[in-house]
Every structure is written in C-alpha cells, then in structure tokens.
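**Q** Sequence:
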Amino acid sequence: MNKNIGFTLIEVMVMLTIMAIVMVMGMPSFNALLKSNRQVTHTNDLLIALNFARSEAVNRGQRVVACILQRGIATKVCQTDGTNSWETGWMIFVDLNNDAILQASAGETILRVHDPLDAGDTVQSTAFSNYISYAPDGIVRSINNGTPLTGSFNFSLCHARHKNTVQINLVGRPGVVRPAPTC
Numbered sequence: 005m006n007k008n009i010g011f012t013l014i015e016v017m018v019m020l021t022i023m024a025i026v027m028v029m030g031m032p033s034f035n036a037l038l039k040s041n042r043q044v045t046h047t048n049d050l051l052i053a054l055n056f057a058r059s060e061a062v063n064r065g066q067r068v069v070a071c072i073l074q075r076g077i078a079t080k081v082c083q084t085d086g087t088n089s090w091e092t093g094w095m096i097f098v099d100l101n102n103d104a105i106l107q108a109s110a111g112e113t114i115l116r117v118h119d120p121l122d123a124g125d126t127v128q129s130t131a132f133s134n135y136i137s138y139a140p141d142g143i144v145r146s147i148n149n150g151t152p153l154t155g156s157f158n159f160s161l162c163h164a165r166h167k168n169t170v171q172i173n174l175v176g177r178p179g180v181v182r183p184a185p186t187c
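Everything in the sequence shown is counted per our numbering, starting at 5 for the first residue and increasing by one.
Treat the hints loosely; a few may be bogus.
[As the list claims (entries may be wrong)] Here are the simulated lysine-lysine pairs, DSSO-like style, with alpha carbons at most 30 Å apart: (1) K39 x K80; (2) K39 x K167; (3) K80 x K167.
Hints in this document: simulated from the structure, not taken from any laboratory.
Please work from the sequences and hints to get the whole structure.
**A** Here it is in structure tokens:
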C-alpha cells in the first residue's frame, strides 16, 4: 500500500490561521516590552552620563558639567534658554571657567556627547534649568557661588505611560528611584 505522508491544504490553512491569531494576540505585549526596554536604555544612558561626569570631576580635580544640547545646532552648544528638557541630548565637558558654557577657545574639553532621544521620549529635570555642575569633590554645586545645592534633583524619563526617575542626592550621587509613578 502506497500512502502519502504530508498535510492537506485544509490542515495547513488551519495551522496558519491559529499562528496568525497567536501572533496578533502577542503583538501588544511585545510592543510594551520594546517601549519598556527603550525606557530602561535611556535611563541607564543618563545614569551612566551623570556618574561619568561626577567621576571625571573627582579624577581631574576640575569642575565638569553635563548640559542640554541645543536643538538643531551642528556644533556642540549648551542650551541657555532656561529649558529643562534633556531629550535633545546632552554633553559632558570640563568647565575651566565655571560658567557651564562650553568654550573650546578657553581650553575646555568635550568628554562625551549623547545624541537626541527617540521621538516620543522625554526627559524633564527638576534641577537646574539646563546643566548639572560637578565640583572636584563630586558634589553638585552652583556655578555662581560654588555652594553645594541642597535637596535632590530628579530627571523623569517618560515614554507613553512608562516612567523612570533618576535622582541626584545631596552628595551628588545619581541613582534610579523605584517605584516611579506613571507619566
């Protein structure tokens, strides 16, 4: 007896229908996972940048600033208009004259630059308007008179309903605050 082994057209169509239903049901949770992972990545990027700025200030014995990059400028320029939106990217540089403005002609060096975040992602700060300035002792200090700034400063990273918060404590150490409220 010669029996064909395989699937009939009806069996293949049923299997494809079941697979399509399972994939459609899984897509919303997959999209949520992608958004959550992107949010964690941005949170880690900001946390790494602030830790890097603090450690460079201590290691170099000089003031180091993390500032908001000005939107749409090809050269690296710090934002000075009082905005607190860090999603345009940020730059870390050695601030020799304590003004929180990069001046390459004065010998100030760019240490690191972070590109703008993806569309729809925001980073709002309750800290200074457009910069964080680390003194050589690792503490966040004012550029005006050099006094340590009291309180903690929060950076809220939001995308859709997901929110992470990076907080800088009194001694200048950044960390992630959990649980973060929703946006």
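**Q** Find the hints from earlier in the document that the structure breaks and name them by number, from lowest to highest.
**A** Hints that this structure does not satisfy do not exist here, as all of them hold.
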